[in-house]
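*Asks:* The lines below spell out each chain.
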Amino acid sequence: AQSVTQLGSHVSVSEGALVLLRCNYSSSVPPYLFWYVQYPNQGLQLLLKYTSAATLVKGINGFEAEFKKSETSFHLTKPSAHMSDAAEYFCAVRDFGNEKLTFGTGTRLTIIP
Amino acid sequence: NAGVTQTPKFRILKIGQSMTLQCTQDMNHNYMYWYRQDPGMGLKLIYYSVGAGITDKGEVPNGYNVSRSTTEDFPLRLELAAPSQTSVYFCASSYRSYNEQFFGPGTRLTVL
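Chains A and B, in that order, are what the protein sequence lines are.
First residue of the first sequence: 1, per the numbering used here; consecutive thereafter.
First residue of the second sequence: 1001, per the numbering used here; consecutive thereafter.
Next comes chain A alone, as it looks inside the complex:
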């Protein structure tokens, strides 16, 4: 079964610093990959998705992620953190032929003023 690993349940960065949130998946075939963000007391909303087109995917709010097949990774980055980026971030994977998403356990991002 597909699994998703998010390294670091909590990540803290200073305002203006680089944000790097890690995601690794287990599929041997490149799947569909997603990053979602959850602000406090809200549902999840899509940041970006990879669907086998460009390996570098740009999303909303200045976030981007790079698909690396050799590393089975899909890490999320943002060059300069903003206070409004404080939230929980989830990586999710869907295999071809599978109608379901598998979510990682999430990474809570804290921004230090």
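Hint data in this document are derived by calculation from the structure and do not stem from the laboratory.
Incorrect hints may appear among the rest.
Said to hold, decoys possible - Simulated pairs of lysine-lysine, DSS-like, Cα-Cα distance not exceeding 25 angstroms:
(1) A:100 x A:49
(2) A:100 x A:69
(3) A:58 x A:100
(4) A:49 x A:68
(5) B:1009 x B:1044
(6) A:68 x B:1057
(7) B:1014 x A:100
(8) A:49 x B:1044
(9) A:69 x A:58
Given the structure of chain A, go ahead and fit chain B onto it with the hints provided.
*Replies:* Only chain B this time, still in chain A's reference frame:
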């Protein structure tokens, strides 16, 4: 266009009580999903539906039931509530399984 709506926002149940969590989407999406979110555990799929009249179990279906009589509605039924069902429940929908899922605001359920 309201997207995905869920009611109620909060609910406290006593052990053994039953309730239905409501979910409605107005985007004419074929796929609908129910997840539960527990701290540090991510989201776990309870049930999903690929269209009206078709439902299937997800990862954690025990203690729950669903039905899908219309495209818009996908209620989740809890029978004989247990403390282990204390969680935040999210409904989501998508046009196709590979499309983005749109999430509702969630229902926070406590079973005492």
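*Asks:* Checking one constraint from the list: CA of residue 100 of chain A to CA of residue 69 of chain A, max 25 angstroms. Satisfied?
*Replies:* 21 angstroms, holds
*Asks:* Has the given pair, residue 49 of chain A with residue 68 of chain A, been kept, meaning a C-alpha gap of at most 25 angstroms?
*Replies:* 14 angstroms, holds
*Asks:* Regarding the pair residue 49 of chain A and residue 1044 of chain B, is the alpha-carbon distance no greater than 25 angstroms?
*Replies:* Measuring from Cα to Cα gives roughly 20 angstroms; hence the hint holds.
*Asks:* With the threshold set at 25 angstroms, check whether the alpha-carbon distance from residue 1009 of chain B to residue 1044 of chain B stays at or below it.
*Replies:* Satisfied, since the Cα-Cα distance of roughly 19 angstroms is no more than 25 angstroms.
*Asks:* Residue 68 of chain A and residue 1057 of chain B: Cα distance at most 25 angstroms?
*Replies:* 32 angstroms, violated
*Asks:* For residue 1014 of chain B and residue 100 of chain A, compute the direct alpha-carbon distance and say whether it is at most 25 angstroms.
*Replies:* 32 angstroms, violated
*Asks:* Given the proposed pairing of residue 69 of chain A with residue 58 of chain A, does the C-alpha separation stay at or below 25 angstroms?
*Replies:* OK: residue 69 of chain A and residue 58 of chain A at ~18 angstroms, within 25 angstroms.
*Asks:* Does residue 100 of chain A sit within 25 angstroms of residue 58 of chain A, going by the straight-line distance between their CA atoms?
*Replies:* With Cα atoms ~23 angstroms apart, residue 58 of chain A and residue 100 of chain A stay inside 25 angstroms; holds.
*Asks:* What's the verdict on residue 100 of chain A and residue 49 of chain A, does the C-alpha distance respect the 25 angstroms limit or exceed it?
*Replies:* 15 angstroms, holds
Consistency note: the structure conflicts with the earlier hints numbered 6, 7.
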